[in-house]
Amino acid sequence: MSEMDELMAVFSMTGGDRAILADAGTAHLVASGHSILSSRTVEGLEVLAKETRSGITAGIRVTAGTRIEKPVHLCFGVVHRKGTQRILMHVTMEDGASARFIAHCLFPKAEKVKHIMDASVTIGEGSEMRYSEVHYHGMSGGVEVLPRLAVFVGRNGKYYTDFTLTTGRVGKLSIDYDVTAGENAFVELVARVFGHGKDEIKVKEKVTLAGENARGMIKARIAVEDDATAEVTGITEGNAAGSRGHVDCMEIVKDRAVAKASPQVQVNHPLAKVTHEAAIGSVDRKQMETLMAHGLSPVEAVDVIVKGILR
Amino acid sequence: MPLLEIKDLLFRAGPGGSAALLDGLSMVIEEGEVHALLGTNGTGKSTLAYLIMGCEGYGHAGGKVLFQGEDVAGFPIHERARRGISLAWQEPVRFEGITVRDYLTLKNGKIDPSELLELVGLQPGSYLGRMVDRKLSGGERKRIELASILALGPLLAVLDEPDSGIDMLSTQDIINVITRFKQKGSAVLLITHREEIARIADRASQLCKGRIVCTGSPEKVAEFYKSRKCLTCTAEECIHV
Chain A
1 MSEMDELMAV FSMTGGDRAI LADAGTAHLV ASGHSILSSR TVEGLEVLAK
51 ETRSGITAGI RVTAGTRIEK PVHLCFGVVH RKGTQRILMH VTMEDGASAR
101 FIAHCLFPKA EKVKHIMDAS VTIGEGSEMR YSEVHYHGMS GGVEVLPRLA
151 VFVGRNGKYY TDFTLTTGRV GKLSIDYDVT AGENAFVELV ARVFGHGKDE
201 IKVKEKVTLA GENARGMIKA RIAVEDDATA EVTGITEGNA AGSRGHVDCM
251 EIVKDRAVAK ASPQVQVNHP LAKVTHEAAI GSVDRKQMET LMAHGLSPVE
301 AVDVIVKGIL R
Chain B
1 MPLLEIKDLL FRAGPGGSAA LLDGLSMVIE EGEVHALLGT NGTGKSTLAY
51 LIMGCEGYGH AGGKVLFQGE DVAGFPIHER ARRGISLAWQ EPVRFEGITV
101 RDYLTLKNGK IDPSELLELV GLQPGSYLGR MVDRKLSGGE RKRIELASIL
151 ALGPLLAVLD EPDSGIDMLS TQDIINVITR FKQKGSAVLL ITHREEIARI
201 ADRASQLCKG RIVCTGSPEK VAEFYKSRKC LTCTAEECIH V
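These protein sequence lines are chains A and B, in that order. Everything in the first sequence is counted per this note's numbering, starting at 1 for the first residue and increasing by one. Everything in the second sequence is counted per this note's numbering, starting at 1 for the first residue and increasing by one.
Looking at chain A on its own, in the form it has when it is part of the complex (with noise of 0.2 Å):
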């Protein structure tokens, strides 16, 4: 089997269809360890990849005013047992672009695999930017992600961003992004993970509110059961009049788990304001019992329940 129909075997366990690869609409980057498998780009889409030792660099540019419709499709992973993988990226948006991109990293069979993706963002006066990250990393839990990742949003400009990864297990992984939102940008930097066994869950999320009339939300939605930790870290700073922002963490802890969660909220300016939220604990008595009231066992209760912080 080759590494790109390997890839694929696993591609919709992240919501990802392979004929979208042969959509000639759409545009896709795929990359397996250091090689470049796949790659399309449309109009207003410029893509510049290379191969490096050790994974892949990626230059990638939507040119002012062109509205992406479809999304763009990025896929990332390692198909073997053992490997390093580092993803070197910066998107430019210019001005008044717009684009959706997905970016579906597969390990599968990771048992020691290493995946680093060191990303930088600009989004330009007036574009929007929605990036969604779905991670499968097979069921060993021998997969170290490390993602890093930080964003300039500028003057009206919107980012949008998911992570997901919340089937199988989650291994060793350490979010860390940094966002910067100029005059009345919006943010939205979401992550859902559930970790089992001894995976061992980081997440830390800055959004700076720099300019007048920013807004910035961050939201966590974390689960863990067995032996997993989990530590969240949120951090919004309202340095400008009219800024906005919120911080909202929920973990769900179950078994030995262990899960942390840290809002940081500062405020550098009078005219600003932030909040924050956080709730870290078993699953709430009177959820479960609403839904044992529908006849769902305690076990299918719980279910329901993470799957729906998750989703």
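Just so you know, the hints here were simulated from the structure itself, not pulled from any lab data. Careful, some of the hints might be misleading.
What the hints assert, rightly or not - Derived pair list, reagent style PhoX-like, types lysine-lysine, alpha-carbon separation capped at 20 Å:
#, chain 1, residue 1, chain 2, residue 2
1, A, K286, B, K45
2, A, K273, A, K254
3, A, K307, B, K135
4, A, K307, B, K107
5, A, K254, A, K307
6, A, K219, B, K135
7, A, K286, B, K135
8, B, K107, A, K286
9, B, K45, B, K110
Please arrange chain B on chain A, whose structure you already have, making use of the hints.
Relative to the frame of chain A, chain B by itself:
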């Protein structure tokens, strides 16, 4: 055999169980009967609902709760639900990430959720895809809870103030739901403060000072209730306890 028979129920609350919130309460609900339960705030109507459902922290200190002749004291909530008891809470809890469609079909994927929503006065096209979360108003959430209990087709539906939080123009929607329970053969224990809702019941009871002090037609019990000084009386003054 009655569907539900409660005998000399005793439930204590407060520090060390010092206060008897339900004190020798007895009542019977027949199969398919809509039975209204009236009483002032704090008399233990919701407590009785939680005891029947078996909620955590609501174990009775004495007496019996018999459902179809079976003592359900040792059964957890889901076992009682599987025997045919269900409860619509006065303030239904919210769920993240669960759509109204999923919620209504939790235990029965064959039911038509659109029909249920229409029955409770909600447009299916506007609600089926929404989440049962904080973005719903209290009244919307309440209607969805009623629809979800209706979907279960329980033998006994305990409805804890189904009309609270519902605007006065929509009272008929609530009456329609209760009527539908009855049409489907469910008995209903209907906790309410609104006389026009209570009047659709087959029978009613008034709870006061931890006991049922009057049972009869809804009209009779409502008149009895209104004639008394429940809000100001003490147990000593109450001639019915």
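ask   = So which of the earlier hints does this model not fit?
value = 2 and 9
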